[in-house]
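Asker: Read top to bottom, the protein sequences are chains P and A.
Quick note: the first sequence uses this note's numbering, first residue 1, plus one each step.
Quick note: the second sequence uses this note's numbering, first residue 1, plus one each step.
Treat each hint with caution, since some may be false.
Stated by the list, open to error - Rough simulated footprint, nothing fancy, chain A against chain P, three-plus residues with beta-carbon under 8 angstroms:
#1 22-31
#2 38-47
#3 111-125
To be verified - Non-contacting residues of chain P with respect to chain A, defined by C-beta distances greater than 12 angstroms in every case (computed):
#4 R10
#5 M75
#6 L131
#7 E299
To be verified - Derived pair list, reagent style BS3-like, types lysine-lysine, alpha-carbon separation capped at 27 angstroms:
#8 A:K245 <-> A:K276
#9 A:K224 <-> P:K136
#10 A:K53 <-> P:K53
#11 P:K136 <-> A:K15
#12 A:K121 <-> P:K183
#13 P:K17 <-> P:K98
#14 P:K136 <-> A:K14
#15 A:K15 <-> P:K221
#16 P:K15 <-> A:K136
#17 A:K291 <-> A:K224
#18 A:K17 <-> P:K221
#19 P:K224 <-> A:K17
#20 P:K13 <-> P:K105
Treat the hints as calculated values from the structure; they're not laboratory data.
Glycine is no exception: its CB is placed at the ideal position from the N, C-alpha and C atoms.
Chain by chain, the residues run as shown.
2 protein chains.
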Amino acid sequence: MASEFEIIERYFKKKMKQTLLGIGDDAAIINIQKNHKIAISSDMLVENIHFLKNTNPSHLGWKCLAVNLSDIAAMGAKPKWATLSISLPKINHVWLKKFSSGFFKCANRFGIDLIGGDTAKGPLTISITVLGEVRKNERLLRSGAKIDDDIWVTGQLGIASMGLASLQGKLNLPPHLKTKCIKALETPIPKVLLGSHLSRYSNSCIDISDGLIQDLSHILKASKVSAQLHLMNIPCDNFIHKSKKYQFIFNGGDDYELLFSAPVRNRAHIKKIAKKTNTTVSIIGTITRKKPLKILDHEGNLMVFNPRGFDHFA
Amino acid sequence: MASEFEIIERYFKKKMKQTLLGIGDDAAIINIQKNHKIAISSDMLVENIHFLKNTNPSHLGWKCLAVNLSDIAAMGAKPKWATLSISLPKINHVWLKKFSSGFFKCANRFGIDLIGGDTAKGPLTISITVLGEVRKNERLLRSGAKIDDDIWVTGQLGIASMGLASLQGKLNLPPHLKTKCIKALETPIPKVLLGSHLSRYSNSCIDISDGLIQDLSHILKASKVSAQLHLMNIPCDNFIHKSKKYQFIFNGGDDYELLFSAPVRNRAHIKKIAKKTNTTVSIIGTITRKKPLKILDHEGNLMVFNPRGFDHFA
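Let the hints inform the model, and build the full structure from the sequences given.
Answerer: What follows is the structure, encoded as structure tokens:
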């Protein structure tokens, strides 16, 4: 792309706040605080696969950074730096202006420096790597869940996937709810502040990107434990209870909420840091010894698991 | 892609040698040595733009990592970790096996751990981020060149772009030279060891990816200096001198040699570390005060610069 340098100058080169050397040399250089390690996460988003063709470019810029921040937060780390590589079919200044403004809106809100990347000609593809700092011995792994831990989630589940289903014409929603769901889908709020404070109180953590069941299963498998969940306690919009469309809670993707387990004795601490970081949190179940994962419905009855997921219920 | 986990397990999850936590959680975690900083470089390669459709997948796997290692080496840093994100039109196990084997051949040769990344369905696109360690105050920038510095390059220039021209049917080469040129194009050797030893003796450095003139110009601009080069001293295949196809030296891309400047008093030191790291090095000119960049031909006459580059000579 002839004007690669110009695109970078114009849209992606901003003042660095926590970076020794940013965009402009063969590589960027950063400094890590004493007694900290580095958490690194990469994601690639392809048009028509991870986002719809006509997605608002500003929302897309926000989201592609936000989903990586969510991964870093789920490690108990504080995200600080990002690289962005992007291939575009042609140089579209209107699109680039909107995309970069959404990207930096998210970057500024969460204190991220964009330190490098690449631009190329090609089908619209966005690849981001985020780096964060984590204190020695405070990383939050999937493998740390202990028997009798409380299972917690942030926010409400299922909202984003309801937004997607609604955009795809597969779900009718009342207008106010549709707006809320599409907002959750397009501009998710990564739980960055809570994540970086959780590690002292929590035993395991993951961010929910593929649906509650699949992501909880990653924790259970890595920790060699099982779990029991209470449907009534899973935070979601009332629409889900009324319509019984529980598949959005269990299998819906794109939530980018944190799912974590913590000893019962830490409840007060966790509620305190949730309040401090302005995050809603809910206890939705308990880590147990015995497989399989159980989910109890409103009346305390076991919900029946279908091999393809929880999308059909008895 | 349904079997993303399987692809990663099968082709990309290897034993880590210098990594606290590799592939398998929300993010990887690495530790940086005391008194070191981190250099980070990202590149994106798109099929039919950065590589030809039928490129040998094993060579492609090698090259996409090698070009990023070259960037890190050009900062005076030692590359240690990489993330790889790749989008593929479909799961092709033969291709993945070859691609990953080439990638790890390069990773193993230069001591790199693959610590994360992503796989997606989409047009063939490869996005890599490499991280390296650099000692405090030993980073090598483009902006450090000083008047009277020697200008050095590693290896031979123009070979890779001759390989590309030959594959495109634009250049006829004798068979043995064609093989050498295509090898340089498809499996370049990044000057990793030399790069990480250069910083004590050298004032500025860049890797040559876009041709000698363009990359030297980056150093000159960043350092606010100029240069004089001697055509006779630029290392290249004899074919170039015989055919006078100097455009391959000056404008040919994909060399991935290091171009650096160093005080005259450091000549012996540089030759010593070049020998120690088994790298050929040549002095091709001098950093000067006065613009423009001058190139002297075999007879000491000034070569005439064409605004589109040095592809036509007087």
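Asker: Which hint numbers doesn't this structure obey?
Answerer: Violated hints: 5, 6, 8, 9; rest satisfied.
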